[in-house]
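Whole structure, please, built from the sequences with the hints as guidance.
Heads up: the sequence shown begins at 203 in the working numbering, then just goes up one per residue.
Don't take every hint at face value.
[To be verified] Taking lysine to aspartate or glutamate pairs in the EDC-like style, the calculated list, with each CA pair at most 16 Å apart, reads: (1) 242 - 280; (2) 234 - 439; (3) 242 - 260; (4) 264 - 232; (5) 264 - 280; (6) 233 - 425; (7) 234 - 249; (8) 234 - 260.
[Said to hold, decoys possible] Across the chosen pairs, the derived CB separations fall in these ranges: (9) 232 - 378: 30 to 36 Å; (10) 311 - 428: 21 to 27 Å; (11) 305 - 367: 21 to 27 Å; (12) 311 - 426: 28 to 34 Å; (13) 424 - 360: 43 to 49 Å.
Hints in this document: simulated from the structure, not taken from any laboratory. On a predicted model such as this, the values are computed, not experimentally measured, just so you know. Quick reminder that beta carbons are idealized off the backbone N, C-alpha and C, glycines included.
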Amino acid sequence: VAYLIVFHVIFVLFVWTYWKSIFTLPLQPDKKFHMSYADKERYENEERPEVQRQILVEIARKLPVYTRTGNGAIRFCDRCQLIKPDRCHHCSVCAMCVLKMDHHCPWVNNCVGFSNYKFFLLFLMYSLLYCMYIAATVFKYVIKYWTDELTNGRSKFHVLFLLFVAVMFFLSLMFLFGYHCWLISRNRSTLEAFSAPVFQNGPDKNGFNLGFKKNLQQVFGEEKKLWLLPVVSSQGDGHSFPMRMLCESQNPLLANEEQWGDDGLDEENHVSDSSDLVNEHRT
Numbered sequence: 203v204a205y206l207i208v209f210h211v212i213f214v215l216f217v218w219t220y221w222k223s224i225f226t227l228p229l230q231p232d233k234k235f236h237m238s239y240a241d242k243e244r245y246e247n248e249e250r251p252e253v254q255r256q257i258l259v260e261i262a263r264k265l266p267v268y269t270r271t272g273n274g275a276i277r278f279c280d281r282c283q284l285i286k287p288d289r290c291h292h293c294s295v296c297a298m299c300v301l302k303m304d305h306h307c308p309w310v311n312n313c314v315g316f317s318n319y320k321f322f323l324l325f326l327m328y329s330l331l332y333c334m335y336i337a338a339t340v341f342k343y344v345i346k347y348w349t350d351e352l353t354n355g356r357s358k359f360h361v362l363f364l365l366f367v368a369v370m371f372f373l374s375l376m377f378l379f380g381y382h383c384w385l386i387s388r389n390r391s392t393l394e395a396f397s398a399p400v401f402q403n404g405p406d407k408n409g410f411n412l413g414f415k416k417n418l419q420q421v422f423g424e425e426k427k428l429w430l431l432p433v434v435s436s437q438g439d440g441h442s443f444p445m446r447m448l449c450e451s452q453n454p455l456l457a458n459e460e461q462w463g464d465d466g467l468d469e470e471n472h473v474s475d476s477s478d479l480v481n482e483h484r485t
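Below, the structure written as structure tokens:
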């Protein structure tokens, strides 16, 4: 009875998080990031690339956009006709721009982004716990079959197969879950881990890293009682995110190796980057 109670508690949480990961629609950018009809006509009728870039710069001045393309231009989606918010990317499978896109997951047949990233992480965690619980409760019966304490040959194959599948999925999920835990600790998405976000002063893979505690709160929220439940508690609206450089400019004491790790920019770059971004923000 105790085994069944624990099993069904984990199973319900596993199915609940899986359901939320699948059926939570990815969030798209707000209408204010879409080009107006007049701006769209002006942009499409202009043949000179440098003038097109200037048009995008003029539109982006009204928006909280700080990241750039690799060549320093405003991030613009030709297919969705919008200025991309920070950390937003276009998903070719979903055919739309997704806020804080992490990746498109075939296992949940959905884009993992700002709206369902917490649910996806909980799904991985409860899947891992589910497989571990099954393997642990079945293992003793495998030992009994191995030592010939149980002689029912028909169930022997089923028990061995169940243990094998549970251990196999446990190992694969352990690496995947561990990788996403590392991403959370650095406040990066999967896409940002492969290609660092580019700011006005160049790429910075730790541009959104606010420290472990704040990184965790950004995904799970400040109320710890909601962390393990698949309910919405993430901070923000997915369109803009606190940046390390702006936070350091407000509190220079935060800029230390213990807080940010040893793979960030040097102190002089921090100061110059922060001042440039703050001046842009004020303008």
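Do the hints match the structure? See the list:
As the CA atoms of residue 242 and residue 280 are separated by approximately 10 Å, the hinted pair is consistent with the 16 Å bound. For a cut-off of 16 Å, the pair hint linking residue 234 to residue 439 stands: about 14 Å separates their Cα positions. Restraint check for residue 242 and residue 260: the C-alpha separation of about 13 Å stays at or below 16 Å, so the hint holds. Distance check on the hinted pair: residue 264 and residue 232 sit about 13 Å apart at the alpha-carbon level, within 16 Å; holds.
Straight-line distance between C-alpha atoms of residue 264 and residue 280 comes to about 19 Å, which puts the hinted pair past the 16 Å bound. As the CA atoms of residue 233 and residue 425 are separated by approximately 30 Å, the hinted pair breaks the 16 Å bound. Distance check on the hinted pair: residue 234 and residue 249 sit about 25 Å apart at the alpha-carbon level, beyond 16 Å; violated. With a CA separation close to 14 Å, the supplied pair residue 234 and residue 260 stays within the 16 Å bound.
Between residue 232 and residue 378 the beta carbon distance is about 31 Å. The supplied range of 30 to 36 Å therefore holds. Separation of residue 311 from residue 428 is about 26 Å and conforms to the stated range, judged on CB atoms against 21 to 27 Å. Evaluation of the 21 to 27 Å hint for residue 305 and residue 367 yields a pass: the beta carbon distance comes to about 25 Å. Separated by about 31 Å at the C-beta atoms, residue 311 and residue 426 satisfy the suggested range of 28 to 34 Å.
Under the hint 43 to 49 Å, the C-beta atoms of residue 424 and residue 360, about 46 Å apart, fit the expected range.
Figure legend: structure checked against the earlier numbered hints; hints not met, in rising order: 5, 6, 7.
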